[in-house]
Amino acid sequence: MGSVFIDDKEIDVDPKSNLIQAAREAGVEVPYYCWHHDLSVVASCRMCLVEVGEKKPDGSVAMLPRLVPACQTPAKPGTVVRTNTDKVKASREQTLEYLLLNHPLDCSICDQAGECYLQDYTYKFGRSHSRLNEPKVQRLDKYHIGEQIALFTDRCVMCTRCVRFTREISGTAELHVINRGSVEEIDVRPGHPCNNKLAGNVVDICPVGALCSKDFLYKKRVWWLKHADSVCTGCSTGCSIVVDQNEDKMYRIRPRENPQAQGSFMCDEGRFGWKHLQGEGRLTAPRAGRLAVAAATAVGSHAEGSSLSRSESRVLPQSDADFQDAWGGTSGGGILGEVRSAIASMAKQDGRRFVAIVSPFMTCEEAYLLCDYLRGLSKHITLAMGEVPIVGEDDLYPKGPRGESPTADNVKFTIRAEKCPNRLGVEAVLKRFQGEVIPFDVVLKSLASGAFDGAYYVGGYPPHEIPSGVVRAFEGLKLLIVQDLLQTPLSDLADYVLASASFAERQGTVINHKGLAQSYRVAVRPPGEARADGRILMELSGRKGLFHSPTILKEIATEIPALSKFGKEEVGTQGLMVMA
Amino acid sequence: MSEAFQPVLLKRCGKNTTVGIDAYLADGGYQGLKNALAKQPGEVTQTVIDSGLRGRGGAGFSTGTKWTFLPKGHPGPIYLCVNGDESEPGTFNNRVLIEEDPHQVLEGLVIAGYAIGASKSYFYLRYEYGRGYRALEKAIEEMYSRNLLGKNILGSGYSLDIHLHRGAGAYICGEETGLIESLEGKRAWPRIKPPFPAIEGAFRKPTIVNNIETLACVTHILDRGPDWFKTIGIPKDPNNPRDGGSYGPKLYCISGHVDKPGLVELPLGVTARELIDNYAGGVWKGRKAKAVVPGGISMGFLSAAELDTPLDFNGPGKVGCLGLGTAAVIVIDDQTSMVDVLYNTCRFFAHESCGQCTPCREGTAWSTKILKRIREGQGTMADLKTLDDISKTIGTMPGTTICGLADGAAWPIKNALQKFRPEFEEFIKSGRRSDLREVALAH
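If you're matching them up, the sequences are chains A and B in order. Throughout, my numbering is defined as the position within the first sequence, counted from one, plus 107. Throughout, my numbering is defined as the position within the second sequence, counted from one, plus 1428.
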């Protein structure tokens, strides 16, 4: 650490950081477009120019005659930075005028408006008028640039962040600069659109409205969006994310910078892989009673759920007066009451004949609540791991020129093969209550051989095909309780369906591949009468009060030694390493 | 003084033939290399420093000093790049050297390579120089056959290989880091410095980039010694401790509105008037010169009153030009509109701006558009203010760009508005349209 003087304020900074970072430490904003802390420095936008000098040992200051880019200048001890001089202000004004020369005045129809650095900096540092009397350079928009991204060429400020991203992070190098001078553009080679699995990030890193996400395009003005910190559940990397929503509708997911989790980016699987949460097939109400037999056969052949006959199932009352009764509560009655007594009677008969399948999509708190509840009923109830989806192999970036994976020390982003958020957390809970982790295929064999009469199955998986063999294993059960997000062949088979909530609709904590615990925050409410899993389990187990994640975590910390760290520290926005 | 000057670099040129290795050796060629190989590399560098040789590519930095910037004791490889991307408008001295006397240049190259410990040299030649390319190819072949290149050159234990690389035609490839990027197969976007090429250049290895004419001078310095070199040109200004002097012969390219355009070799410090009147047959059609470009268009303009400015490393700067540049003198006669000249100049830089830095990318194109409008009779006085502002806000000196292209683009505007402002004002007020047709720039 060394002392740097930013606008006469002395601060200690890491000498490896640059002057933008140093100024940020001092609370001074230095505007920039091309610099990005995860990409190489090109110093080409010239927006971050500042006056720089050196403090001599005798206390005198020698300033350089010309402006220097803050992004390119390391914060050496003794560096004196001035960001508020007339020279710097004039330079910023002039650079903004240059940047806006050929920029269309189409903020009113631009998706970026509201989170645009051209708008912000023009407002803070720019001039109110342009002296351009000439026609602007016209460039054609490029909707073909990628499956998920569109390029509004005329809005581009040529910061080349996107180009550097595809070269340095994804390694796929689809984007490049064509032409020269003021008519240059970002483009792709014919037949090679920007469709890599990290492509969506170029939209985030684009400081202006040039690269837009086709998925989000024209859906919502950004100033209506409300943000909630969350964690991507797509794979065990567990990217820190922000869920942007308005009126209980999710609009987009963006990566949230977290060096402990994934860095600054996220993959497109996670970014766009949440549509099932707001689509058809979501369970929106609890259900008691089996569906018609015709339905059960249809389930075996993977027919569409919507074609099922519901004649034998008891559809829940819809009026407000009856609303509370549908689920029931801790006081008894309702579906939860029925489920509670069904499980209790089975546990009383023979706990050995009941199994709970704990999904790796559950949070630590939920897994704990479920296991604690069931073990409270009978010590002999089997607690098993749900299916841990593994798809292919870990996908490492940046790719080499021929698509090869990078060597271990060059990896900048990993999309993991394990497509669930909380295997480690659930395993820790299972080890505490079951003593071991019984894998799903083992419990499936036991189910098929008739070892169990009843099962509590928790899902939470994204849409995926459940093999008929799996469904068949559950067919012979006397009691099947399914707690899930989506209608699946298993939920169709169930005696009780407990409609639960997605990661965006509940709070809770998951532990990623390297033992980093991160928390979901509630972004939107569950659809219809679906309830957050924590609330379902609190009421099922007859615990008093509302589900409150930190309270349960404290309890977990005392009960499970492997997760004792939860008792010492809070899981902040950047997560908490609980298993090193 | 200059009347008696015997050409050094052009001694064997001007016959429209290429000097082969036998003729070159017969004329005492490769003596400089032999002298160099007899010394320690550090002594060779010191000799070049002592000679006061300053780079002929435009910036005029001390060549020997540049060589000393390489990291000491580097395990290698170290590269020597030759900048043969001669694309400053009006410049053709390198072209004559490689077309007619390539061995003189290549000898200097091997000497420089030996001095800096380079194992490989990349000769970056602009694509348009087909004849020069073939001459160099042949000369390099001849050198390999005589053990002047390759392994263990002349039994000295020093080995060097040359890769002749043809560029694809862009002004910016003449900027040393742009050249290195282009050489690496990338877009010729100049790099940010530091690191300077001497620390991290081509293929991330220490690299020295030298101009062709500079290397030709190195040949003669090693052949005849630094003291001989110092007898030519203008000595250091004793009142200016930072002045490095302007020693040695210089190739002056004279073009534009003169009777006899061409290349002459003279000691540094000849004046523009002498060049025009004594060596170029005077301004054509009996006219007078209105403006003279002192050293390639990026250096700005000398007005008619400044023609007695000595064209050494300091002279043009004293009258508001950017510097000596490549010593390419372009004469503009009194019948030519400065509005047209400046428009064409700006058009060139807008076309050649690499587009990396915002001020240069937008400023060059904007100034061109403004001048286009002025030429069409639609200019206003406010345009002159805008042009002036553009010229003062782009370039390395305000700190707004990575490389010097923007300075080169700004200087002609600055000089034209300073020195020929009444003409611009009169043109705008008259509402005249320029009747000169635009000539399409080659694409």
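Just so you know, these hints were derived from the structure itself, not from any lab. Errors might be hidden in some of the hints.
[Unchecked claim] Take a look, some chain B residues computed to stay more than 12 Å from chain A by CB distance:
1. R1440
2. K1746
3. T1808
[What the hints assert, rightly or not] Footprint (simulated), chain A over chain B, 3 or more residues, beta carbon under 8 Å:
4. 1778-1785
5. 1792-1799
6. 1816-1826
[Said to hold, decoys possible] Listed below are several chain A residues computed to face chain B (Cβ distance under 10 Å; list not exhaustive):
7. L208
8. E241
9. F540
Virtual Cβ for every residue (Gly too), placed ideally from N, Cα, C.
Going down the list of hints, with the structure as the test:
1. Taking the minimum C-beta to C-beta distance to chain A, about 39 Å, the non-interface status of R1440 (chain B) holds against the 12 Å cut.
2. Distance check on K1746 (chain B): its Cβ is at least 19 Å (rounded) from any Cβ of chain A, clearing the 12 Å threshold; non-interface status holds.
3. Chain A draws T1808 (chain B) into its interface by the beta-carbon criterion, the shortest separation being 8 Å against a cut-off of 12 Å.
4. Taking a C-beta to C-beta cut-off of 8 Å, the stretch 1778-1785 of chain B contributes 8 residues in contact with chain A, enough for the three needed, and the coverage statement holds.
5. Here the stretch 1792-1799 of chain B counts 5 residues with a CB under 8 Å from a CB of chain A, which clears the bar of 3, and the coverage holds.
6. Counting residues of the stretch 1816-1826 of chain B whose CB falls under 8 Å from any CB of chain A gives 5; the rule of at least 3 is met.
7. For the restraint placing L208 (chain A) at the interface with chain B, the shortest Cβ-Cβ distance is roughly 5 Å, inside the 10 Å limit, so the hint holds.
8. Look at E241 (chain A): its Cβ gets to within about 4 Å of chain B, closer than 10 Å, so that hint holds up.
9. For F540 (chain A), the interface hint is violated, since its Cβ never comes within 10 Å of a Cβ in chain B; the closest pair sits about 56 Å apart.
In the structure shown, a violation is registered for the earlier hints numbered 3, 9, in ascending order.
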